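K.L.:
Model the full structure from these sequences, guided by the hints.
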Amino acid sequence: MDYFIRTVKATAAAVAATLAGWRLFESLYVWADHAADAEVDSGQPEWFAGTSQYLVANAAGWAFLPVAVWGLLRLIRVRGNHLAVITSAFVWVTFTAPRLVGSHPSPGAVVAWVAVQTAVTAAASVVQVAAMPATTQVKQ
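Each residue of the sequence shown is one higher than the one before, counting from 29 in this note's numbering.
There is no bait here: all hints are sound.
SDA-like cross-link-like pairs, simulated, lysine to any residue; straight-line CA separation at most 20 Å:
| id | residue 1 | residue 2 |
| --- | --- | --- |
| 1 | Lys-37 | Val-148 |
| 2 | Lys-37 | Ile-114 |
| 3 | Lys-37 | Val-139 |
| 4 | Lys-37 | Leu-111 |
| 5 | Lys-37 | Ala-151 |
| 6 | Lys-37 | Phe-92 |
| 7 | Lys-37 | Val-155 |
| 8 | Lys-37 | Leu-103 |
| 9 | Lys-37 | Ile-104 |
| 10 | Lys-37 | Arg-102 |
| 11 | Lys-37 | Trp-98 |
For the record, the hints were derived by calculation from the structure and aren't laboratory data.
It should be emphasised that the depicted structure is a prediction, and the values quoted were computed from it without experimental measurement.
P.N.:
Written as structure tokens, this is what we have:
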């Protein structure tokens, strides 16, 4: 597959997955906040109110992006993206999600962090294909 086409496909998948992951993470945090408020209203102590919901929200929010990137790349018939999925997950958990989720970022910040996430994912996708020997590359 041409590197340009692969880059465009990986970019589209990364943008869609990042924006969907951000929205999912935000809505899971709202759900956890409401659950914590309901627990406090029912007379439970405030110390651990909503802890299990926050743990579920974080686990689902962090796990969504690599699965979404992998699924979208498979859907648009881009194979051999182990490196893209792994690096995308790393950047999501360490850089992008903490800056976007729960912080009410400006539109410029959203564009910047989505661009970082997208650039890393697309670059890793192309690097993996360039690094694979021609005999082991999957036919597209």
